[in-house]
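These protein sequences, in sequence, are chains A and B. With this note's numbering, letter number 100 in the first sequence gets 478, and the count goes up by one each step, no holes. With this note's numbering, letter number 257 in the second sequence gets 635, and the count goes up by one each step, no holes.
It is possible that some hints are incorrect.
In this list, chains with the same sequence are indistinguishable; a pair is considered to hold if it fits within one copy or across any two.
[As the list claims (entries may be wrong)] Calculated lysine-lysine pairs in the DSS-like style (CA-CA distance at most 25 angstroms, straight line):
#: 1; residue 1: 485; residue 2: 394
#: 2; residue 1: 689; residue 2: 485
#: 3; residue 1: 528; residue 2: 426
#: 4; residue 1: 529; residue 2: 426
#: 5; residue 1: 426; residue 2: 568
#: 6; residue 1: 424; residue 2: 529
#: 7; residue 1: 528; residue 2: 671
#: 8; residue 1: 528; residue 2: 424
#: 9; residue 1: 424; residue 2: 538
#: 10; residue 1: 538; residue 2: 528
#: 11; residue 1: 538; residue 2: 671
The hints are simulated quantities; they were obtained by calculation from the structure and are not laboratory data.
There are 2 protein chains.
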Amino acid sequence: MGEFQLNSVAELGERKIIDIILGCLDLMPNILIPFGDDVSAVNIEKGKLAVLKTDMLVSKTDVPLGMNLLQAARKAVVINISDLAAKGVAPIAVLASLGVPRNFNEKDIEQIGIGLNAGAREYDAYVLGGDTSEASDLVISCAVFGIGEKKRIMLRSGAKPGDIVAVTGSFGKTSAGLKILLENLSVPTKLRRCLVGNVLMPHARLDEGLALAQTGAVTAAIDSSDGLAWSLHEISRASGVGLEISNLPIADEVSEFAKMYKFDPVELGLYGGEEYELAVTVKPRLWKKVSEKVSLIRIGQVIEEKALVLKMGKKTSSIEARGWEHFKTSLAESYSR
Amino acid sequence: MGEFQLNSVAELGERKIIDIILGCLDLMPNILIPFGDDVSAVNIEKGKLAVLKTDMLVSKTDVPLGMNLLQAARKAVVINISDLAAKGVAPIAVLASLGVPRNFNEKDIEQIGIGLNAGAREYDAYVLGGDTSEASDLVISCAVFGIGEKKRIMLRSGAKPGDIVAVTGSFGKTSAGLKILLENLSVPTKLRRCLVGNVLMPHARLDEGLALAQTGAVTAAIDSSDGLAWSLHEISRASGVGLEISNLPIADEVSEFAKMYKFDPVELGLYGGEEYELAVTVKPRLWKKVSEKVSLIRIGQVIEEKALVLKMGKKTSSIEARGWEHFKTSLAESYSR
Numbered sequence: 379m380g381e382f383q384l385n386s387v388a389e390l391g392e393r394k395i396i397d398i399i400l401g402c403l404d405l406m407p408n409i410l411i412p413f414g415d416d417v418s419a420v421n422i423e424k425g426k427l428a429v430l431k432t433d434m435l436v437s438k439t440d441v442p443l444g445m446n447l448l449q450a451a452r453k454a455v456v457i458n459i460s461d462l463a464a465k466g467v468a469p470i471a472v473l474a475s476l477g478v479p480r481n482f483n484e485k486d487i488e489q490i491g492i493g494l495n496a497g498a499r500e501y502d503a504y505v506l507g508g509d510t511s512e513a514s515d516l517v518i519s520c521a522v523f524g525i526g527e528k529k530r531i532m533l534r535s536g537a538k539p540g541d542i543v544a545v546t547g548s549f550g551k552t553s554a555g556l557k558i559l560l561e562n563l564s565v566p567t568k569l570r571r572c573l574v575g576n577v578l579m580p581h582a583r584l585d586e587g588l589a590l591a592q593t594g595a596v597t598a599a600i601d602s603s604d605g606l607a608w609s610l611h612e613i614s615r616a617s618g619v620g621l622e623i624s625n626l627p628i629a630d631e632v633s634e635f636a637k638m639y640k641f642d643p644v645e646l647g648l649y650g651g652e653e654y655e656l657a658v659t660v661k662p663r664l665w666k667k668v669s670e671k672v673s674l675i676r677i678g679q680v681i682e683e684k685a686l687v688l689k690m691g692k693k694t695s696s697i698e699a700r701g702w703e704h705f706k707t708s709l710a711e712s713y714s715r
Numbered sequence: 379m380g381e382f383q384l385n386s387v388a389e390l391g392e393r394k395i396i397d398i399i400l401g402c403l404d405l406m407p408n409i410l411i412p413f414g415d416d417v418s419a420v421n422i423e424k425g426k427l428a429v430l431k432t433d434m435l436v437s438k439t440d441v442p443l444g445m446n447l448l449q450a451a452r453k454a455v456v457i458n459i460s461d462l463a464a465k466g467v468a469p470i471a472v473l474a475s476l477g478v479p480r481n482f483n484e485k486d487i488e489q490i491g492i493g494l495n496a497g498a499r500e501y502d503a504y505v506l507g508g509d510t511s512e513a514s515d516l517v518i519s520c521a522v523f524g525i526g527e528k529k530r531i532m533l534r535s536g537a538k539p540g541d542i543v544a545v546t547g548s549f550g551k552t553s554a555g556l557k558i559l560l561e562n563l564s565v566p567t568k569l570r571r572c573l574v575g576n577v578l579m580p581h582a583r584l585d586e587g588l589a590l591a592q593t594g595a596v597t598a599a600i601d602s603s604d605g606l607a608w609s610l611h612e613i614s615r616a617s618g619v620g621l622e623i624s625n626l627p628i629a630d631e632v633s634e635f636a637k638m639y640k641f642d643p644v645e646l647g648l649y650g651g652e653e654y655e656l657a658v659t660v661k662p663r664l665w666k667k668v669s670e671k672v673s674l675i676r677i678g679q680v681i682e683e684k685a686l687v688l689k690m691g692k693k694t695s696s697i698e699a700r701g702w703e704h705f706k707t708s709l710a711e712s713y714s715r
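The task is simple: from the sequences and hints, build the whole structure.
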């Protein structure tokens, strides 16, 4: 009968899975934010949008050894808030659906409750509801709601040649911190605290995202939860432009750590994932104004040619379209390259 | 040291788990809909509410043998829409977070996509976004968003003595259908189609919920996803009243099935769960007007004494506060009593 072989999800990877699902969906007419951007939105009144995001944390892929339940639950909230931050929208309400393994006890549940509350309250939001089910893994699926101004919202798709590419902070700490946790590497206490701390207590750049949206100078924005390289590729793809990166923002601590263990700091900084800095493109004539208001690192510029170019000294290379991807990468695989 | 034994979640049950989490949360000031009602809400403009709901479907507890992936994904959407229906709010947007086992293939993913879309489109909503992760169980966590009118929203808490208790349809089909599936019982085709069909393709009473909200006659409302008994207890608890049920709305097909296998039809009708009819209380002077607009079965009345009384002929008994509860009941346990 010549049956063809169906690909497993492990072969497909997260992005292909999402494509298959999108192919099954009826499109909402006059959709305000295209599929695949960081958030979804619905018109609610003149000029205002209801902004929604949902992202699921699953213990076996998103909770590294060494992260406790409070930290895991807090992270489940923060990863969603980071997506709203990237669009310049303040979170108001969080809903949390929990899948809980049978062997959890009441103390575990309390730690999860405290973590959810902490994640929301740090960003002035509240947990308003949720539900619990039994599951084999710990699963925390949060939905976050906020209200955005239509004219202020920052999409991935507006970057223009000549715009300045910038980020809200340096990269590589999460990759380095995960390596320390997963490979049980020994590093000086101060360095460990910085790098591992970044993994256990990620921070969404909400203040920066809100301030950036107010400037009206940002042409494209994204968070970097799948890694800097992937985020830059997304801006490139959604905006139909290329990016030339001339100042790779590797954290000093990452360079120090890489030197100790002979890792490639560029690999750690570009392809790690699970970092929550924002990557933005800014109108050049407003750069001065913007950079006075928000602390940004200028890393390159938007170019016409649809390519991602990395310039380091005299060397030019291309930035690959890879990063964190569920199914294809696991915590262990991804961070022990 | 006298360490005390911590209770496992299996001992605690879903409702105690939710209580523990609620105890950890800061309360939003001027919260519009109390914790524990079917949905959560945020003020968005004069008289309007953003209404949000999230509920997670996990294969091992919510997907019985015989339900395919399309049906499971559709159900994951419908169970959330049912909660909005109970409040009289139309769904606009659905977000879906998926946890997918590694052995799923692209055809499986497509079936899930088709099911998600079907569940939303049946109720004029659209799937706007979501994400996928790897998980041991199939997990589909949907978040549904709608806009409600503050003065029209139907809470669980407004029932007054003298109000009429009514439901949008008869009960017990899901319990019976699940028994047929799980215990592989043989029944005539027509009966099987009715009872099993109800399990595989649940229907949210959205039209009824929207029409009921418009009458302004409903004092309390809830869906019956945890079973009729539990839903009535919730109205009783939230409103601080009792209910006297004199006309238990058992479906004819359920009576027929119960007779065949010597099951108790009252047990099937009251304590089953996973049914999506609405239970409401209605101002008596507006009953005629309401029942002309919406097809309702009158089942009893609200009483002052905080008790749930079942009157069947000359026999009076009390309705127990039990029904479907995650962790405490599994599909197999729950439906083979």
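Hints breached by this structure:
Those not satisfied are hints 2, 5 and 9.
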